[in-house]
Each structure stands twice: as structure tokens, then as C-alpha cells.
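J.: Residue numbers (my numbering), protein chains in the order written: chain A, 1 to 326; chain B, 327 to 652; chain C, 653 to 1159; chain D, 1160 to 1453.
Wrong hints could be hidden among the right ones.
Said to hold, decoys possible - Chain A is faced by these chain D residues, among others (derived, beta-carbon under 7 Å): (1) 1217; (2) 1221; (3) 1301; (4) 1444.
What the hints assert, rightly or not - Some chain C residues flagged as far from chain A (calculated, every beta-carbon gap over 10 Å): (5) 729; (6) 746; (7) 762; (8) 764; (9) 771; (10) 829; (11) 1013.
Treat the hints as calculated values from the structure; they're not laboratory data.
Note that beta-carbon positions come from the ideal geometry of N, C-alpha and C, so glycine has one too.
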Amino acid sequence: MKAIAERRLSMSVIGPVLGLIALLVAGTLMNPNFLGWDNITNVLARSAFIGIIAVGMTFVITAGGLDLSVGSMAAFIAGLMILMMNTALPALGVGIPVVLLGMATALIAGLAAGLLNGLLITRLGIEPFIVTLGSMGIYRSLVTWLADGGTLSLDFTLRSFYQPVYYGGIMGISWPIIVFALVVVVGEVVMRSTAFGRHCAAIGSNDQVARYSSVRVGHVRLMTYAALGVLVGVATIMYVPRLGSASSATGVLWELEAIAAVIIGGTVLKGGFGRVWGTVIGVLILSLIGNLLNLTDFVSPYLNGAIQGAIIVLAVVLQRESKAAG
Amino acid sequence: MKAIAERRLSMSVIGPVLGLIALLVAGTLMNPNFLGWDNITNVLARSAFIGIIAVGMTFVITAGGLDLSVGSMAAFIAGLMILMMNTALPALGVGIPVVLLGMATALIAGLAAGLLNGLLITRLGIEPFIVTLGSMGIYRSLVTWLADGGTLSLDFTLRSFYQPVYYGGIMGISWPIIVFALVVVVGEVVMRSTAFGRHCAAIGSNDQVARYSSVRVGHVRLMTYAALGVLVGVATIMYVPRLGSASSATGVLWELEAIAAVIIGGTVLKGGFGRVWGTVIGVLILSLIGNLLNLTDFVSPYLNGAIQGAIIVLAVVLQRESKAAG
Amino acid sequence: MGVVVSQAALELRQVSRSFGPIEVLHDVDIALRPGRVHALIGENGAGKSTTMKILAGYQPPSSGDVLLDGQVAHLRTIAEAESHGISMIHQEFNLAEQLTVEQNIFLGRELKRGMFLDKATMRNKTRELLGRLDCPVSPDAVVSGLSNSDKQMVEIAKALLRDTRVLIMDEPTAVLTRSETAVLLRQVRALREAGTAILFTSHKLDEVCEIADDLTIMRDGRVVWSGAAADMDEHGMATTMVGREMSDLFPAKLGEKGDMALEIRNLNVPGYASDISLSLRQGEILGIAGLIGSGRTETFEGLCGLRPATGDIRIFGQKVRIDQPWQAQALGMCYLTEDRKTRGLLLEKGMRENLTLQTLERFVERGRIHRKGEEAALDKAIADFDIRGHRESLIKNLSGGNQQKLLFAKTLLAEPRIVIIDEPTRGIDIGTKQQMYEFIRQLARAGQAIVVISSEMQEVIGLADRVIVMRQGRIMGELQDEEASEDAIVRLAMGVGGNTPAREMTQ
Amino acid sequence: QDDTKVIGVSIPAATHGWAGGMNYFAQEAVERLEEVYPQLDFVLATASDPSKQVNDIEDMVATRDIDALVVLPFESEPLTGPVQNVKQSGAWVTVVDRGLSVDGIEDLYVAGDNPGFGRVSGEFMAQALPDGGKIVVLRGIPTSIDNERVEGFQQAIEGSGIEVLGMEHGNWNRDDAFTVMQDFLSKYPQIDAVWASDDDMAVGVLGAIDAAGRDDVKFVLGGAGMKEMIKRVMDNDSMIPADVTYPPSMIATAIEVTAVGLVSNAPVSGDFIIGSVLVTPENAEDFYFPDSPF
Ligand SMILES: Nc1ncnc2c1ncn2[C@@H]1O[C@H](COP(=O)(O)OP(=O)(O)OP(=O)(O)O)[C@@H](O)[C@H]1O
Ligand SMILES: Nc1ncnc2c1ncn2[C@@H]1O[C@H](COP(=O)(O)OP(=O)(O)OP(=O)(O)O)[C@@H](O)[C@H]1O
Ligand SMILES: [Mg+2]
Ligand SMILES: [Mg+2]
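Starting from the given sequences, assemble the full structure and let the hints guide the process.
T.: So, in C-alpha cells, the structure goes:
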């Protein structure tokens, strides 16, 4: 009995890893440049946005919640940040202060947006799906409105100054990768080795029990949304120097991608169990699929979505199948 | 005890209805045409697609499932149907046989697609979120591919022949409204007074208990997805005659709208409790919001989404607030 | 023990409690004194759990006072009650299923070193606590995989962790065997020595006699008797509780065996049981005894298609194949689960929906469920099984015993020809128990074939015509009615060679 | 093998009619040119949002070593930096339709004229309603393109006495346009004409007008040159008196010119602006391509 449980666990651990390895092998076979430093760095750096957000999403989902608004929130925060920096530019001049101002804006806006979602969910007791569907619409509209239907662009000189935050790094490793790694490590530690992580799982598993054990259920839930908001802010700080602009097309469907990554990684959608490292694997699987499809052109680009969809399902089948077999 | 339960129930019943009435009143005040026959018929007829799908979604969600693929599925089925009808046209000629062929195609394709989702979910035990996220990508790609990136259009003469299915009707009530009403009535009866509806709620509430009570859990779940597939087919049968075309832009975000309608109507996202009439109110609330925003112009159209989002949240707050108070 | 008049640590005075318009407690007085075990007994639905919840701060009283050390206290939150050293073990499990044992025990009061969890210490502490309870589960085991008795031990460990002045235990022994009960009672004695005030409920009156210093008996939400436990014997308790004279608990084993109903050859349930062969005739009651974890539940779940199993099964002479539970039911065989809360009943639904869930097809007329028929079935079930509680209430608001009765009614509504009853009287009061035994015997007389799995040896012996004893997933032996004694069962259950003074016999 | 040259083509995905047509022409050009020039290899990637497009371009550089890039930017701003990086890696850059926000990056620029598109439409409107009139406008997906077109249109109708009753976003989508038009019809008892600004939206608008049975709407002006609409212009359909081109085939032109430049070592650089032309029954035949999917 116990042996079975352990074996089962270890297969559900190996599952997503196997999926990832399969993708890596397929990629290398298709194109020798695939495992090249450039490509790997590109893929990791661009996974960072979704990745950072997905780490926060792992906590929200583990605690039995959901957040559909993250993509729009990212777009809105990016827009706000750009507006703020452009406005302050004449006064502050191109330099570190204005960039710091932008970063502070992103973090504060993220925190506020997360708290807002969280308060509506915990205080008014509305389904997270509805609250965040609503705020998704609201943020998406607001960014369109801020940009007057077009695109908000960061001042060009400022952009060149700020760009190293995406493209630069230390020892050849770019900042987004470093920040992503940091967020993952902190996330993993928090999930595993702090009371907060445990409380999230307990609440997702059975909030009544958690309440009876004097866990501050509302507070913990609120914190998961707030943390997610801040992480969306962090992701935006990396995103803005990359593209230097925000529009209504920014961050579209990021929420679905983040949730998918979380679930591919083995976190349970109904809550109660989550793992941050799994989410990382989920994120990598998703971005590698996109990358792989660009490596070759053996199918009509119209069918990319189909292949992507099939691989997502397969990655999870692999995981569950081996679980059932184990 | 009883009084509490009843009062609570009655408030949660009144909640969405109140929301709907508030919208109707607001609309009438803002534009006298709002309650006109034409406008109401328009709104009802165009709600029919989402509405028919949302009725099916109510069962899926009540039984603890989810389906993200319905929008893409509708697009794919519409594409298939148009292709089929165009191909058969030279042989069959414009007439009822070719339309019937198209309808049969839609129903069979819907059933097949629903069964496919359902089998992957019940037999392989994969999260519905993942399966239907995958099939969403697949169907969306397939329709783009069928249409060669463009739009599949029904042969013009055939379209004129088929058009009455959307625009025509009996006694001034157009077919989509009639079919929608029928689906709702049947859905309500099935949910409330058949073993199937009861079993859906039992499975969504606790599938272990259902299994130990000799309910055919896998079978019932599968049926909910199959029924949803067929209803997507029905919706498509009404959709195609409207504009006679299908493209990759068809049915985008219908899934979110359908799920939102279900939840606004009071069905619980985690399963165990569902009501079809609530879903209808949810659908109406959603389409009336859009209608109202088009009929009035007191805000920038960029902000339509924001208002829509805010009203969705408000409609549910109203419902929950009064519940908490009751 | 003489009457020690010490200051009550926790006390209820004139407490009433209503849910909506219905008052379920009327002017209850009860006082828990340090260093004494207070037993609270009463029929199902008498209000024991409600009283306990009020004492522990889970629910406020509608009127009356809660006194802490003689002072009126308003325990607004559980945390507040906890800070006064009050802790409670619930009748229903109160564990997060997806978390591990250690995570559950320390939930809400994790030990930290700096910002991080001190897992090593928590794990050791868990091991130590479980060791005190003779419970061998690993601190890292996930709770959802534990047996009921282990879950109960985890609950107890969780309560022991808190430094308690007042410990309230709601039917902690309902899912325990005698040996486990003995371990628990040992802990209770130790706490009593240390000066803890203890409130304890059980439907097993022998335990009450053994441990209680003070006794309160409730009926229909009122205290009907209160005093020193020594003033009351088992018979008196039963009579006062039920409000009528109690006769023999078990019905006479009359009845004739009919045709062969069920034959099992070499049933294997991978991981749990192997080589199970047995047979059962109509009109017969077969008892299955064994220690907890001996694989009895799994064997019969395997038989009924609830888990993967292989073997040769014949029902009324027909060879059958059962892969799904509904197939078993179609063949006239039903299994009544031991786990009413997670497998037996839908807690968020009402009595009617639960009662008919298993047999809905029968209430369908022209495709639609016939509501009147359902109501009639509910009327009958309420009458037959004496289910108390409001008709419209959700299952989760019923008292534990009444839930069990409803589960019983639900399974029997399917009118199975073969019925397997797992732990039939868990949490049922003594008066109702008698009724249920009578009922089971009547079913047998009516020609049904019945299997009773029970951890209460008295029950197996008193009820069954024949007893099979299991150990580690195998049948160790079969005892005919006259051979079936506690001693014989224990020998088999512990392994044939061992004629050691079994721990099961500690009482 | 060594002299095989790789051309990367990065375009937005087919999420609306015009983009669908553009996708078709891009694929058709790639297939055709791969046969004609065996020494050329093409990589075609479609993106659903700007950041995916940047990913695609990065991948082309990192894993496919492209020698030339033909890009139709999803949006100008976000693509400017990444395309600049491609240019710095030494590859040839052709930009189609949407200019980058920094001048001088691209070697070749092939584009339509969005303000011109609006202007031509506006001029037609002014000329078709000489005594002024009440019109409604359906806008596309909120983007700079849409803004430029609408501005061009508004400038052109200034002072012509035309009153714009309302503008809503139909997102270049038939269904959305249908819904918006139905509501416009409920809201305004008198509408003289509709600027649908896109042929897909025109389809939806016509559907709504038909269904409402309203005869106050004299005509609908679409845009982009969808074959069904051109056909109706050709057939003197009074509801569709004209159309304004914005050919999705410009992507094919761009790919072809780039390919030819790459193989012939006689690169063609410069700006090619494909102006929007008013299609009327007189010249409609020149714009009618029955085999195109768009
Ligand atoms: N939350 C609630 N809402 C409504 N009624 C309730 C609620 N909780 C308890 N009751 C009712 O109060 C009565 C007393 O229940 P309680 O659980 O205290 O009984 P008990 O003595 O513990 O019985 P058992 O021996 O079966 O556990 C029951 O009739 C029950 O239905
Ligand atoms: N050999 C074993 N090793 C470890 N755990 C076991 C073993 N056998 C049983 N268990 C645990 O006990 C559970 C089964 O306990 P359960 O109490 O249902 O068994 P049972 O024999 O039917 O006992 P009872 O019916 O007396 O409760 C299993 O889910 C498992 O967690
Ligand atoms: Mg109780
Ligand atoms: Mg058991």
C-alpha cells in the first residue's frame, strides 16, 4: 500500500519531467541549433513573464482560487508604467530615477490590483471566476482607453536606457532569467517550508477544517491574490523594456497559459495541492512547444494551434498514464 | 431552520432576477426603443447561440466538469457544415435535402466532438481544463486550415434558401428564439426532474458518494459532454444561416461567455448544484449589457469592456449580498 | 470516588440553542471540573454534539451563559477558546485530506525556526504523539490514504498537541477497536492525572462506565439526569437515555437457510486481500471479524466492483463478472460503506435526495422523478429507522447517528438480495442499535443474505450465524455460531499460534 | 547547401478576414517561390500577439540563421527593437504595411496607406451624399491602424454636412458587426449610409439591415477588396456602390521582391506605397480575383 503510494507519487513527479525531456529530444533532432545557448537563453527569457505570473498563480490555485485577470492586469500595469515614466521624463530626465519610478508604479499597481481582486473574493464572497472575469474586462478596457485605442510607447531614448533590464544580465545570463529563477526559488521555499504554503494547501483542501484550526482563511486567500498581483507587476517590469509598449493586444491569453502551466505541472485545479517546480516545468513545456514549431516548417502554420493543443493534452496524458500504471 | 433555508434560497433565486430587472429598467430609461419588440427580438435571437450552449454547459459544470472548447468547436462545426453543404450542392441542388444534410453534419460533428472530450476526460482521467484547452486549440486551428486562413462562405443561393432558419419563425417569433426556449424547457426538466439531472448534481457534489451509490459516474459525465457537443451543433445550425460564413474569428470567447452566464445564473463552478433557468438569466444579462452599451453613448466605447466587467461583478454581488443578508 | 467540589473549569448555565425556529437545546446545565472525566450520553440527536460545540466556542448559545473558571465568557472565535486551553475532537473528521499527517496535526500552529518551518521537530513531535497512541502511521502519510481509525488517532494527536485545560471529545471511539480504545483511555487517564477537565461522549456504555467520574444524560435537548457516574450502571444508563426499559440487545437467531446466494472463489484484491473464498446462503447472516486494516472493507469493495479485483463469483448459482458498482446492484448485491461522510452521503443535499440516490430509477415515471413517491419513501425511512432531525435539513446538519440511519435506509431501499453492511452501527445509540439488529434479522428471515463487517466483537457474535475472521488480507478461519466467542475470534485475528493474552482483551 | 539562403516571414495570425487573406497570399507566395528558387528556404510564422511575434523573430535568428526577414508587424512600437536587432545581425529586412517607429531600419518597405484608405472612403461618402446625411461608422479592432483610418475619414467628410451618428467597434468581425448594426438600427430611426470600413464588417452590416427590413439605409461602404464585395460592385448592386482597396496581397509582393533581390544580388530597396483605390462599377473588373479566398 505504502509502496504503491510512493511509486505513484514518484511517477507523477517524473511525468512532467519526462514530457519536458521528450520535447528537448524532439527539438534537438529537428534542429541542431535548438540546444544552442542563444536559443535556450531566448526561450528562458521569454518564459520569464508567464513563469513569474504562473508561480503566483500556483499559490492562488493551491488555495482553491483562480485568477483570469492576470493578462489584462499585466497590460494595464504596463500601460500605466509607460504613461508614468513618459510623464516624469521631462522632470527627471533619462536615468535611473525614472526607471525606478516606473518599477515602483508597477509593483504598487500590481499590489493594488491583486488586493482588489482578493478583497472582492474574500470579503464579498463572490466566485473568483466571476470577480476576475470582471476585472479582466475592466483592465483590458482601461488599457485600450489609456492608449486611446492605439499603442502606448515608452519614450525612445528612455527605452534604450531601460532595455538592459530585459536584454542585459550578469555572466551572460539575462535579467529575466535571473529574476525568474529567484521567484521560483522563493516560491518553492514558501510553498514547502513556510506556514503560509501549508495554509494555502489546507484552505484549498478544506477551508472549513482550516478555519477550525485557527488558520486565518480570508487573510491567507487575500495574500495569495496580492502576491500574484505583485508578481504580475514584476513580470511587467521585465516586459516593458522588451517591447517598450503596451496596447490592448498585450498579455492576451496569458491567464490561460499561466493556468495551463500550473496544471500541467501537477497542481490540482480544485486546490489543496500545489508545487512550484512543477509549474516551472509546465511553463517550459508550453514555451518549448511554441519554439519547436518555429524550428521546422513541416506543417501549415494554420495547424500550429492544433499541434500545440495535442501536445498539451499528451504531456498530461503521459503524466496520468504513468501514474495509473505505477 | 426551514425558514432560513427557504429564505436563503429565495434570495439567491431573486438575486439574478433582480439584476435582470435592474438592467431592463436602466435600459428603458436610457433609450425608449430598448423595450421595443424589434430590439427584444434581436437580443433574444442573438443570445440563442450562447444560450443553447450555456444550457449544455450548465450540465457539464453541475457534474463537476468544464468545457473551454465550445467556441472553437462551434467555429469548426460551422466550417464543416458549410464545406459539406457546398460540396453536396451540385449533386443535391438547392433544397431541403442539402439543408438537412448540413444539419445532420452539425449534429453528428457536435456529438463526436463532445464524445471525444468526454472520453479523454472520463477514460483517461485528465483534468477537463487541460483536455478542453487542448481541443480548443485543435478546433480553432482546424477551422483556420479548412478556410485556408480566410472565410468559408455558404453558397449564396443556398444561403438565401437556408436563411429563414435564423430570420424566419412562427407568429413573429424567430426560430432561434423558439429553439432556445425549447432547449431551456427541456434542460430545466431534465435538470430538475430526471434521474440524469439528479445524478449530475450528485457527481458534482461528491463523485465518490455517487460511485458508492451505484451511479454510473463515467457514463453520466460522458453524457454531459456529449449533450453539450450536440447543443453546440444545434447552436451552429442556427448560426450558419445568419451570415452564412465561418472563419477563425467565429465563436471566439464564446466559452468564457457561456461559463460566465452559467455562474451568474447561480450554478456552482465546483459542481454539485446547477439550475438551467438561472443560466438563461445569466445569458440575458450578458447580452443586454452589450445591447445597452450600444444603445447609449455616454462613455467611450473603449470602456465598454470595463462597464461590462463591472456589471457582471455587480450582478453577482447583488445575488450574494442578499443571500448573506437573508 | 467522592464528590469533589472544585471550581468548574468550563460550565454551561441554562444554555439553549436554536437553528432557525427550532430549538435543539433547552436550558442545558453542565460543568466540567479539572481532573475529572465527564461523560455526556444520550440518544442520537439528543444534542450532545451541539452542547460540545458551544462549550468549545464553535457555536454561540442562543441564550444562557458559558462560564470559564466561574466567570461569564464570550468565546467568540475558536482561536479565543483555544487560547483559554479548550480544544475539541470532532465527531466528524476535521482533517484536510490532501495534507500529510504531520501537516494536519500542526495546522494553524506550525513550529518555526525563524521564518521557516521546523519540519524536523514537527515530524519528531508527530512521531512521539502517535507513538503515545500506538499508532504506526508515518508523519508523511497523506491523510486521504488512512483508515478511519488512523484518522481518528490523528485527530486525537492533534488535540493532544495543544496544551489543554479542557479537552472535549465527541465520540472519539466510534471508529476504534477495543485495543485502540484502550490506548486512548490510557491517555485520557494520564490527562486526568495532570488535571485536565475532560468531556467525553460515546455510545459504547461499557467505556463510559469504565472511565467516567461524572455523568450527564440528555434526551431531546434536555438534561434528564446528572450526577456521579458511580451512581449509575450500564442498564440504568440505557434505560434513562432511551426513556424506556431496555430488553435484550440482540434478537434471537431464528430463521432458515435457503438457497446458495453468494459464492466467492479465490477473490484477489491486489494490495489488500488474496485467496478469499466463502459462501453465503439466503436467510443467513455472516459476520466478518478482524483487526482494523485486515482488509475486510477492501475485500468486499473489490467484490462489488468498487476497486479492481479478480476471482470467481457466483450469485444464485450464476457466474458473474462485476467491474462497476452498478453492475453489482443490478445483480441484487449492495455494499453499505463504513465511511458515511466521504463515501456514503452527499452532505450538501437533503435527506430526500440522498435517500433515493441509489434507486432513483424506481421513482421515475414516464421519464420524470415522481416527487410524491420520494416523499413517501422518506416518510417510511424516517419511521422505520427513527431518524430524528428536521425533514428539510441538509445532511451535514443532521446528528452523526441520524446520518448513519439514513445511510442504512438508503442502501436497503435498493432491496438487495445480498447486502454487505460495513460497520452498521457506528455512532448509533443503544436504543436504535437494538432496533437495527432486529431489522437486520428480519431481513434475513425474509430471505436476504447478509454480510456484517464489524469491529465490535459483541456485535459480530450477537448477530451473526457464522463468523469469518480475517487477518492481513486472508481468511484465517470460520466459526459457527456456537464456537464464536471473543477469545476464539481474537486468536484467529491475531494469528492462530498466538494464544497470548490478546491486547483486544484488555478490558 | 552552403549557398542556401533562408528568408523568414513573420505575420499576424488569421484572426480576421483581411489577415486571413494576407495569410493566404503569404503562404501561396512561399510555396510558389520555393519551387522557382530551390536555393531559397522559407520560414513562415504567424503570431497571435506582438510578443509572440517577437518570439518568432528571435527564433528565426537563433535557430534558422535567416538571411532576410519579411515582417508585417503586429504593432509598430513593440516590433521596432527586435527588428532592429535582426538588421544589426546583417540580415535584409523588408517591412510590410505597418512602418516601424524608427526610420531607416528596413531595406524595403511595402505598405498600404491607412490614412489614405480613410480619406478615399470619406471622399466617396461625401460625394455620394452631396446634401449631407446621417451615417454610422463601424470601427475595427482598437489599434493605431484603425485610428489612422478613422482620422483620415473624418478629415475627408469635414464640412460636407455628413453627420456621424455613432461609432462602435465591430472588430473587423462579421458577428460583432451584425450585433452592433442591429443595435444602431434600433437606436437611430433614420440612417442614410454606413461606413463599415471593412468588407467583413460590411457582410455583418448587410445581414442586420436585411433582417430589420429597413430601407432608409441607402448604401454600405466596406473596404479591403473582398471578392464577394467587388462582385457586387461589378453587378451594380445599389447597396454596395463602391469599395476601397487595401490589398492583402501586398505581403506576396514583398516576399517576392525580397526573394528576387536575394537570389539576383541586385537588391531592390526603397518604399512601395500601395495606395487605396476606389473601386466602382467602372473599374471593378480589374480588382476581381475569383480564385482568391478573400
Ligand atoms: N447546523 C445545524 N443546523 C440545523 N440543525 C442542526 C444543526 N446542527 C445540529 N442540528 C440539529 O440539532 C439536533 C442535535 O444534534 P447533535 O448533533 O447535537 O446530536 P447528538 O446528540 O450529537 O447526536 P449523535 O449521537 O447522533 O451524534 C439534531 O436534531 C440536529 O439535526
Ligand atoms: N498492510 C497494510 N499496510 C499499511 N496500511 C494498511 C494495510 N492494510 C490496510 N492499511 C490501511 O488501512 C486502510 C484500510 O483500513 P480499513 O479500516 O478500511 O480496513 P479493514 O480491514 O476493512 O478494516 P475495518 O473494516 O475494520 O475498518 C487502508 O486504506 C490503508 O490505509
Ligand atoms: Mg453527535
Ligand atoms: Mg473497514
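J.: For the hint on residue 1221 of chain D, just tell me whether its beta-carbon gets within less than 7 Å of chain A.
T.: holds (4 Å)
J.: Does the claim that residue 771 of chain C lies outside the interface with chain A hold up, using a Cβ gap greater than 10 Å?
T.: For residue 771 of chain C, whose nearest Cβ neighbour in chain A is about 7 Å away, the distance does not exceed 10 Å, so it is violated.
J.: Under the criterion of a CB-CB separation shorter than 7 Å, is residue 1444 of chain D in contact with chain A as hinted?
T.: It is violated, given that the least Cβ distance between residue 1444 of chain D and chain A is near 31 Å, above 7 Å.
J.: For residue 729 of chain C, is the shortest CB-to-CB distance to chain A above 10 Å, so the non-interface label stands?
T.: Residue 729 of chain C not clear of chain A: closest Cβ-Cβ about 8 Å, inside 10 Å.
J.: Residue 746 of chain C clear of chain A by more than 10 Å, beta carbon to beta carbon?
T.: violated (5 Å)
J.: Grab the minimum beta-carbon distance between residue 764 of chain C and chain A and tell me whether it stays above 10 Å.
T.: The assertion about residue 764 of chain C is violated, with a minimum of 7 Å to chain A.
J.: Against chain A, does residue 1013 of chain C hold up as non-interface, every C-beta pair farther apart than 10 Å?
T.: holds (30 Å)
J.: Any Cβ of chain A at or closer than 10 Å to residue 762 of chain C, or is the non-interface label fine?
T.: At roughly 4 Å from the nearest Cβ of chain A, residue 762 of chain C sits no farther out than 10 Å, so the non-interface label is violated.
J.: Would you check whether residue 1217 of chain D satisfies its interface hint, that is, whether its CB is within less than 7 Å of any CB in chain A?
T.: holds (5 Å)
J.: If I take the minimum Cβ distance from residue 829 of chain C to any residue of chain A, is it greater than 10 Å?
T.: Label holds. Min Cβ-Cβ 19 Å, cutoff 10 Å.
J.: Are residue 1301 of chain D and chain A close enough, Cβ to Cβ, to be under 7 Å, as the hint says?
T.: Hint on residue 1301 of chain D: holds, closest Cβ of chain A at ~4 Å, below 7 Å.
Violation of the numbered hints given earlier is confined to hints 4, 5, 6, 7, 8, 9; the remaining hints are satisfied by the structure.
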